[in-house]
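Visitor: Assemble the complex: chain A is given as a structure, and chain B with the ligands must be docked to it using the hints.
Chains as they are written, first to last, in my numbering: chain A, 1 to 347; chain B, 1001 to 1530.
Be aware that a few hints might be false.
Here are some of the chain B residues that sit facing chain A, going by a computed Cβ distance under 10 Å [what the hints assert, rightly or not]:
1. W1023
2. I1351
3. N1376
4. M1382
5. G1461
Derived by calculation from the structure, the hints in this document are not laboratory data. For glycine and all other residues, C-beta sits at the position ideal for the given N, C-alpha and C.
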Amino acid sequence: MSVVRRKIREFGMPRIIIIAFILLILVGALLEGQDMATLISDSLVRVGQNMLMALAMLPTILVGAGLNMGIAIGIVSGILGGLISVELGLVGWGGLMFGILLAICAGTVGGFIYSLLLNRVRGSEMLIGNYLGSTVVYLMCMFWFAAPFKNPTIIWPMGGKGVRTTIPVSDFFEKVLNRFLMFKIGRVTIPTGLFLFVFLVCFLVYLFTKSRTGMILRTVGNNPSYAAMSGIHINKARIIGITLSTVLAAIGINVYAQSYGFYQTYEGPLTMAFTPMAAILLGGATMKNVKIRHAVIGTFLIQTLLTTALPVCNQLFPESNLSEVFRIIISNGIILYALTQAGGDRR
Amino acid sequence: MKNTAATPVLSICNVGKAFGENWVLSDVSLDIMPGEIHAICGENGAGKSTLMNILFGMPVIQSTGGYTGKILIDGEEQKITSPEQAIAKGIGMVHQEFMLVPGFTVGENIKLNREPLLSSLASRIFGSRLKKVDFAKISSESQHTLNRLGVEMQESSMIETLPVGYMQFAEIAREIDKENTKVLILDEPTAVLTESEAELVLNIVQHLSDMGIAVVLITHRIQDIKQVADTVTVLRDGKNVRTVAVKDISEGEIAQLMVGRDLDLTAIEKRSGELSGEIALTTKNLVVDMPGEQVNGVDLEIRKGEIFGIGGLAGQGKVGIANGLMGNYPTEGEISVFGKPLKLNSPKDSIAAKLAFVSEDRRRMGFAPNLSIGENIAAPSMVAHNRFFKKFGFFEQVDEKAVRETAEKNIQEFQIKCTGPDQPVGTLSGGNQQKVCVASALELSPDILLVSEPTRGIDVGAKNTVLNTISQINREKGVTVIFTSSELAELRQMCDRIAIVSQGKIVEIMKPDASDEEFGLAMSGERREA
Ligand SMILES: Nc1ncnc2c1ncn2[C@@H]1O[C@H](COP(=O)(O)OP(=O)(O)OP(=O)(O)O)[C@@H](O)[C@H]1O
Ligand SMILES: [Mg+2]
Chain A
1 MSVVRRKIRE
11 FGMPRIIIIA
21 FILLILVGAL
31 LEGQDMATLI
41 SDSLVRVGQN
51 MLMALAMLPT
61 ILVGAGLNMG
71 IAIGIVSGIL
81 GGLISVELGL
91 VGWGGLMFGI
101 LLAICAGTVG
111 GFIYSLLLNR
121 VRGSEMLIGN
131 YLGSTVVYLM
141 CMFWFAAPFK
151 NPTIIWPMGG
161 KGVRTTIPVS
171 DFFEKVLNRF
181 LMFKIGRVTI
191 PTGLFLFVFL
201 VCFLVYLFTK
211 SRTGMILRTV
221 GNNPSYAAMS
231 GIHINKARII
241 GITLSTVLAA
251 IGINVYAQSY
261 GFYQTYEGPL
271 TMAFTPMAAI
281 LLGGATMKNV
291 KIRHAVIGTF
301 LIQTLLTTAL
311 PVCNQLFPES
321 NLSEVFRIII
331 SNGIILYALT
341 QAGGDRR
Chain B
1001 MKNTAATPVL
1011 SICNVGKAFG
1021 ENWVLSDVSL
1031 DIMPGEIHAI
1041 CGENGAGKST
1051 LMNILFGMPV
1061 IQSTGGYTGK
1071 ILIDGEEQKI
1081 TSPEQAIAKG
1091 IGMVHQEFML
1101 VPGFTVGENI
1111 KLNREPLLSS
1121 LASRIFGSRL
1131 KKVDFAKISS
1141 ESQHTLNRLG
1151 VEMQESSMIE
1161 TLPVGYMQFA
1171 EIAREIDKEN
1181 TKVLILDEPT
1191 AVLTESEAEL
1201 VLNIVQHLSD
1211 MGIAVVLITH
1221 RIQDIKQVAD
1231 TVTVLRDGKN
1241 VRTVAVKDIS
1251 EGEIAQLMVG
1261 RDLDLTAIEK
1271 RSGELSGEIA
1281 LTTKNLVVDM
1291 PGEQVNGVDL
1301 EIRKGEIFGI
1311 GGLAGQGKVG
1321 IANGLMGNYP
1331 TEGEISVFGK
1341 PLKLNSPKDS
1351 IAAKLAFVSE
1361 DRRRMGFAPN
1371 LSIGENIAAP
1381 SMVAHNRFFK
1391 KFGFFEQVDE
1401 KAVRETAEKN
1411 IQEFQIKCTG
1421 PDQPVGTLSG
1431 GNQQKVCVAS
1441 ALELSPDILL
1451 VSEPTRGIDV
1461 GAKNTVLNTI
1471 SQINREKGVT
1481 VIFTSSELAE
1491 LRQMCDRIAI
1501 VSQGKIVEIM
1511 KPDASDEEFG
1521 LAMSGERREA
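Isolated chain A, as found in the complex:
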């Protein structure tokens, strides 16, 4: 009995509540006669395509810089990389991998500069990161307007100048990860490649946290004065952590785009920042303790919830805007709930 109680406590109330909520929605979906196979398939895809974004929050928390509020910087770097690959007309695996490679390069540069800035505002990284993120997104808006892309998929059909707000990748590398080794259980589709790739990245990050550098980052995040006394260069460690976070976001957006089918430019990256934060917090991360499983569990919960809630609401309130309102209330409500957990005393 007490073992069960302890297990439940370790798992944590917020996760239990969300799971209960998901079950409730699933029951609702069953009663409404929704196509459960599609719901589950969609959820799996959404989980896979969003996981790396949540994982991107881990390195900054690890070095004590809190949630990466400037994750938009990583996202625009990633988009830039992906678009260059599209511009060159690369398709399939080659296109995606080249895009990711460029995204890593751009993310490294962007993340490095970002980390230098954050090192000057130690203690208020989240606040300043938020401003920096928005600033970079708006600066990039100007860039998108004037960018010298030529590929007709990228630029506006009329006028021939400036990047579109959504760039489809259907002719290039749409779903190359999702389709790799894809199979079906009954009518549920399993996007094997997507998960293989995502878990490979998670595993690499895990190896990193268990490496010498990873240990150094954790020590810095936990007690900077102690770290300095042990001969650790604190700013260097923070540069590594913040850059890694930016790079992960850059990779993540390409994984997202190949699955979702589009890159979203201009203000798109800003709207993507909050869900991954909510995910990792919901997964059980605190500013003092963060593990890879927090990103994994959190993404599973939040994305399943968001994916299943929408069609159920639609059915509940057919032919009205109410369902859209409901969807926004639910998704923002969950994000808010997760964020309020951040300062709690949970262990």
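Guide: Frame of chain A, contents of chain B with the ligands only:
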């Protein structure tokens, strides 16, 4: 002074507390009368601080599932769930790890949340929330309180610039400045103080008791208990082993009750043979800009294999020397280690020169609270010597097995009380955290070991172990030790020579067998006539 009033001001009835599955207090009961000085002692991890945290409503208690049993104040049951409530009920507490607000002055800390207010036009119209803080009154009143303590301290100093000894006084001043306090809890108030400073604290305790305030005094200095306390309660493994009037028990018996067996206190081995003439470390005109512990030009010549003591009053610069050698604070002058000049202001270079340091400022510089015991012990060696890693081609991975084994070895050796090598060091008791700090410095296998207040807050048994371990690596491996301490007895027991520091300079280098008067004179800054 025992008051004969019938109702105890504070009664603890069958209190128990578990962290997860680990019961650290069970069925503890005790009564405290107004004006009574009630000492609580016990081994590291016996549950003393936890019991006090319960009384003071510390959040860590609530967030880990609360406690069982009852607490009565003036005979009425109270559920104390926050420090504000505890304060309102007349309980004050001086914490083992200080609770001062950095960025504020000493005076502001003393008056925190009780700031004297000035009426203004706005407050007369809109009510007392708009009253202005009377800063002049903060200054004068808090300075008055500090003077009452008998320490030379300015209320205008910023908290973060204070040496640890003075932080202790600021904490105590904050508590005695409160007027409605009925019970004052002091958790190891003298751990970082020299005898003369500790004496000041004990006098204050006596004075408070005369005024009818009950004092709960947690301490590892059994002589302090004999000196001031009326009653002593001994905790062992979270149980109240005995509550007894101090006059009915001897120091030896108290110690024995604490550990529950005969204490085996092996004496420090005497040095056999002479030191070689080789010089391990020299400094020329060492100036260390450590706030509150300024060092103003120190020349040292420390021989290889020596245990070199540094003593002196708080704030005079004794701990600044080791911090300067480690590069923790801005330093000028020249340092050379085994003949090679040392790069200043670089902890990395100091560690590379095989220096290792146990900091006096445990909470800030001592350990990483969320990392496990194993990781804390291994971390400095990982950073400095690349130890505790396994190689897989390009990858280096932490060798968890080696980390765990090292942790287990040290847990054994220092009797660290814990649930296992994975317990985060932040959740250990104060004394056990100290043991981890010592263990991790020793794990670096240094040529020169710098220890500052190495026995801060650890119990008699463990103190013996730590001192013996230090002397053992000195005798057997020839490690040179620079031993900084407030405790004269400890310095005399351990050191070959003892430098007394005053006003940032070395007053005199003395033999350990010099008389108390000579040491006292040197500490007050007076050089003995040649
Ligand atoms: N937050 C916590 N989580 C888990 N265990 C804890 C926590 N705080 C304390 N403990 C455990 O409770 C026990 C008692 O700790 P406590 O701090 O009360 O000891 P203590 O008697 O004050 O010792 P010391 O003399 O070393 O200060 C210890 O074994 C410690 O590991
Ligand atoms: Mg304690």
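Visitor: Does each hint hold? Answer for all of them.
Guide: Going through the hints against the structure:
no. : hint  : in the structure
1   : W1023 : 12 Å, violated
2   : I1351 : 5 Å, holds
3   : N1376 : 9 Å, holds
4   : M1382 : 6 Å, holds
5   : G1461 : 27 Å, violated
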